Amino acid sequence: MHILAFLLRRSVQAVIVMFVISLIGFSIQDNLGDPLRELVGQSVSEQERDLMREEMGLNDPFFVQYFRFLGNAVQGDLGTSYFFKRPALEVIMDKFPATFELVLGAVFIFLSLSIPAGIYCAIHRDSWITRFIMSASIVGISVPVFLTAIGMVWLFGVELGWLPAFGRGDTLELPWGWETGLLTWEGLSHLILPSVTLSSIMLPLFIRLIRAEMMETMSTDYVRFAKAKGLSTSRVRYVHAFRNTLLPVVTVGGLMIGTLIAYTILTETVFQWPGMGFLFLEAVNRVDTPLIIAYIIVVGLIFVVVNTLVDFLYTLINPMVKLPGAKS
Amino acid sequence: MITLRTLATATAVVLGVGTAAPAQTLNFAYDADPVSLDPHEQLSGGTLQLSHMVFDPLVRWNKDLGFDPRLAESWERIDETTMRFHLRDGVTFHSGNEMTAEDVVWTIERLQSSPDFKGVFSSWTSAEVVDEDTVEIKTDGANPLVLHTATYVFPMDKAFYEEGGAEIAKHGNSFASRNVSGTGPFTVEDREQGVKVVFERNPDYWDASSPGNVQTAVLTPIKEAPTRVAALLSGDVDFIAPVPPTDLQRIDNDPETKLVTMTGTRIITLQMNQERHEALANPMVRQAIAHAINNEGIVQKIMKGFGTVAAQQSPEGYVGHNPDLEPRYDVARAQELMTEAGYADGFEATMMCPNNRYVNDFKICEAAAAMLAKIGVDIDLTTMPKAQYWPKFDERAADIMMIGWHSDTEDSANFNEFLTMTPDADTGRGQYNSGNYSNAEVDALTIASLTETDPEKRAEMLQRVEAILYEEAAFIPFHWQDLAWGARDGVMIEDVVNVMNFPYLGDLVIKQ
Numbered sequence: 001m002h003i004l005a006f007l008l009r010r011s012v013q014a015v016i017v018m019f020v021i022s023l024i025g026f027s028i029q030d031n032l033g034d035p036l037r038e039l040v041g042q043s044v045s046e047q048e049r050d051l052m053r054e055e056m057g058l059n060d061p062f063f064v065q066y067f068r069f070l071g072n073a074v075q076g077d078l079g080t081s082y083f084f085k086r087p088a089l090e091v092i093m094d095k096f097p098a099t100f101e102l103v104l105g106a107v108f109i110f111l112s113l114s115i116p117a118g119i120y121c122a123i124h125r126d127s128w129i130t131r132f133i134m135s136a137s138i139v140g141i142s143v144p145v146f147l148t149a150i151g152m153v154w155l156f157g158v159e160l161g162w163l164p165a166f167g168r169g170d171t172l173e174l175p176w177g178w179e180t181g182l183l184t185w186e187g188l189s190h191l192i193l194p195s196v197t198l199s200s201i202m203l204p205l206f207i208r209l210i211r212a213e214m215m216e217t218m219s220t221d222y223v224r225f226a227k228a229k230g231l232s233t234s235r236v237r238y239v240h241a242f243r244n245t246l247l248p249v250v251t252v253g254g255l256m257i258g259t260l261i262a263y264t265i266l267t268e269t270v271f272q273w274p275g276m277g278f279l280f281l282e283a284v285n286r287v288d289t290p291l292i293i294a295y296i297i298v299v300g301l302i303f304v305v306v307n308t309l310v311d312f313l314y315t316l317i318n319p320m321v322k323l324p325g326a327k328s
Numbered sequence: 001m002i003t004l005r006t007l008a009t010a011t012a013v014v015l016g017v018g019t020a021a022p023a024q025t026l027n028f029a030y031d032a033d034p035v036s037l038d039p040h041e042q043l044s045g046g047t048l049q050l051s052h053m054v055f056d057p058l059v060r061w062n063k064d065l066g067f068d069p070r071l072a073e074s075w076e077r078i079d080e081t082t083m084r085f086h087l088r089d090g091v092t093f094h095s096g097n098e099m100t101a102e103d104v105v106w107t108i109e110r111l112q113s114s115p116d117f118k119g120v121f122s123s124w125t126s127a128e129v130v131d132e133d134t135v136e137i138k139t140d141g142a143n144p145l146v147l148h149t150a151t152y153v154f155p156m157d158k159a160f161y162e163e164g165g166a167e168i169a170k171h172g173n174s175f176a177s178r179n180v181s182g183t184g185p186f187t188v189e190d191r192e193q194g195v196k197v198v199f200e201r202n203p204d205y206w207d208a209s210s211p212g213n214v215q216t217a218v219l220t221p222i223k224e225a226p227t228r229v230a231a232l233l234s235g236d237v238d239f240i241a242p243v244p245p246t247d248l249q250r251i252d253n254d255p256e257t258k259l260v261t262m263t264g265t266r267i268i269t270l271q272m273n274q275e276r277h278e279a280l281a282n283p284m285v286r287q288a289i290a291h292a293i294n295n296e297g298i299v300q301k302i303m304k305g306f307g308t309v310a311a312q313q314s315p316e317g318y319v320g321h322n323p324d325l326e327p328r329y330d331v332a333r334a335q336e337l338m339t340e341a342g343y344a345d346g347f348e349a350t351m352m353c354p355n356n357r358y359v360n361d362f363k364i365c366e367a368a369a370a371m372l373a374k375i376g377v378d379i380d381l382t383t384m385p386k387a388q389y390w391p392k393f394d395e396r397a398a399d400i401m402m403i404g405w406h407s408d409t410e411d412s413a414n415f416n417e418f419l420t421m422t423p424d425a426d427t428g429r430g431q432y433n434s435g436n437y438s439n440a441e442v443d444a445l446t447i448a449s450l451t452e453t454d455p456e457k458r459a460e461m462l463q464r465v466e467a468i469l470y471e472e473a474a475f476i477p478f479h480w481q482d483l484a485w486g487a488r489d490g491v492m493i494e495d496v497v498n499v500m501n502f503p504y505l506g507d508l509v510i511k512q
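Respectively, the protein sequence lines represent chains Y and P. Per our numbering, the first sequence runs over residues 1 to 328. Per our numbering, the second sequence runs over residues 1 to 512.
In case anyone wonders, no lab produced these hints; they're calculated from the structure. Since this is a predicted model, take the numbers as computed values, not measurements. Be careful, since some hints might not be right.
[Stated by the list, open to error] Quick look at which bits of chain Y chain P covers, simulated, 3 or more residues with Cβ under 8 angstroms:
id : stretch
1  : 32 to 43
2  : 84 to 95
3  : 147 to 155
4  : 206 to 212
5  : 285 to 294
From the three backbone atoms N, C-alpha and C, an ideal C-beta is built for every residue, glycine too.
Model the full structure from these sequences, guided by the hints.
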């Protein structure tokens with residue numbers, strides 16, 4: 001029952017979060033610019049534009065527009081994109097696989113590098129490799145992501161010519177309609193540069209985090225006790241100590257999903273990656289308000305879902321932790 | 001995709017399409033893809049670029065700003081207000097339907113109902129079928145610009161669109177925005193909006209004399225300029241536009257690629273609002289500002305030479321271009337004029353500029369503000385993305401505002417109609433005159449030029465207008481933005497590009 005109560009609570013929270021986001025999104029839309037300007041050419045007269053604005057219901061009072069939106073939203077219709085002329089949600093869902101695979105690639109890269117590197121640096125504190133990794137991670141944190149991106153394009157795309165400089169390549173369509181680039185060499189080769197770029201934001205941070213946590217855990221009493229008990233060094237390190245190291249890492253990781261989503265916007269733009277982030281930036285440029293609002297609502301939902309998953313992971317890693325809101 | 005391409009190339013080789021040169025695939029990247037397949041939905045560069053691939057106009061511009069016959073084989077003026085176009089015989093649409101005068105008239109009527117295009121066609125009162133191959137256009141007065149306007153008539157397949165749905169939808173879905181049947185050199189094989197458009201050569205293209213050998217053309221929009229350039233340099237694409245000024249040298253120097261540039265026709269200006277700011281209503285102050293702005297320096301330093309210094313609206317080659325007008329940067333003279341006008345100590349003014357609309361737009365404004373500081377004009381500059389800028393421009397929200405303009409008709413009068421004539425909400429004239437500049441003679445001469453069919457008299461009128469605007473410093477001209485295309489060696493892009501920036505890709509030759 002605990003889990004059910006927890007899930008129910010979370011669902012209610014998700015609805016509230018999305019409601020608040022939609023309200024904020026709606027109230028700032030006037031500051032995003034005039035969508036009509038992007039829909040018509042330069043020589044169309046103001047009267048003509050005003051006529052169309054009236055037709056589209058953009059002249060209605062704020063709350064009339066908002067309640068019309070809410071009414072449609074509860075039926076699953078988040079509006080129709082001005083540019084794509086298709087339901088905004090459908091457009092976003094079309095782009096979701098591209099972003100998901102990019103994030104997946106980035107997560108794979110930074111997890112498979114940061115965990116071994118972090119542990120290594122915690123155990124061999126004074127080795128020259130540790131010093132190198134630590135100083136490199138400082139540089140990594142300080143370089144802005146678009147610079148990393150452009151640097152990678154120039155080096156691997158233009159100068160060396162090893163990897164494609166933009167786009168996703170040709171994709172395969174899986175039976176349930178998911179367009180994947182993970183199953184062909186062409187798709188993977190397109191994925192490498194953007195996902196390395198995206199992981200470059202997380203990687204240095206996670207190495208430092210894991211190292212610091214690991215060092216702290218290694219000096220706690222229970223680890224010393226485990227050693228005294230005669231457990232093998234590797235068991236103490238990788239089972240007992242590492243497990244506790246993971247708790248803060250998961251917390252920070254969950255929070256960082258937001259940052260990761262923000263950076264997909266930059267990464268996707270530089271690499272012309274046909275995902276949600278690029279779509280969003282384009283929508284802002286074109287003042288495609290329905291698409292902008294639908295995007296932030298979807299991202300809000302992703303946040304809630306990810307944080308729920310993080311809470312679940314907690315209980316798996318540390319049975320002492322209870323699901324928030326689930327009274328025992 | 002690879003198999004499809006190979007198959008297409010193989011078919012083309014077997015059929016021996018058109019020319020001796022072997023069929024080729026062209027991968028090209030623009031900064032955006034067309035918003036719709038409907039050529040009447042939005043009047044923009046993207047739409048016209050698409051139109052020239054999938055459709056053909058009645059007549060089209062050539063390199064000397066003259067007209068080449070396309071679907072209209074010839075034309076004749078019947079009287080002052082009547083023009084007859086004789087259509088080419090044996091042209092078919094992609095659907096297989098034959099193109100006739102019916103289609104042309106239907107297209108013109110559709111254009112006149114499109115919010116974006118009706119302005120261009122406002123002087124055309126009727127279009128009628130004379131016989132199967134002849135269309136007669138009537139205008140509301142003597143009209144010197146019938147051919148200019150005819151470059152916008154890309155005959156559409158009446159039967160095809162009437163069956164599917166001919167509605168022009170600005171917002172919302174329509175048949176015409178997703179389906180297309182024209183007469184052009186290419187058909188649209190596949191389109192994923194914002195990702196790519198795949199064109200295939202039309203095997204039944206009427207223009208057998210076209211040297212073009214592109215069998216498949218793939219357009220990929222690449223928004224970010226550095227990525228677009230990288231795609232060209234790494235060989236992922238064969239041809240890109242636009243090229244950012246910072247990378248011109250690089251593309252030019254690379255032995256595998258080449259740069260093609262051309263003087264453009266888009267004028268970049270500042271308008272000074274005479275109603276908002278008392279000082280700016282004084283012609284002497286405006287002249288002082290014109291003297292204080294070093295537009296040559298801006299072209300050299302900020303545009304890296306990628307622009308042509310301007311002292312008027314009309315670029316060279318336009319009838320209204322007045323060769324006597326010269327840039328007039330002279331700070332000492334500017335200071336004198338300020339003193340004479342009674343503003344020896346200067347004044348404060350606000351300025352607004354977009355930061356993603358024109359090449360280096362906000363940098364130009366920053367430089368201009370710094371130059372004006374030298375004559376005591378203290379500028380409070382705000383820059384913003386175009387999405388926010390245009391509503392501000394409509395509000396006339398600052399004393400000095402930036403605007404760039406390209407004449408849709410490639411004719412000088414268009415600049416005046418939108419930028420310098422007295423604003424009038426009823427006629428729509430002066431819609432982009434944020435300075436509220438008003439001069440009866442400019443208005444009268446411009447109106448007269450719209451019905452003057454004698455080219456010499458017309459040139460005289462429009463050049464006179466430029467002289468008045470210069471004399472009164474109606475606006476501050478910076479430069480005409482140059483155009484640039486980057487291409488892989490062997491892609492003969494220089495033969496098909498033009499000042500309007502719609503490359504005739506149907507005629508493009510790729511050498512092996």
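ask   = Hint numbers the structure violates, sorted upward?
value = 4
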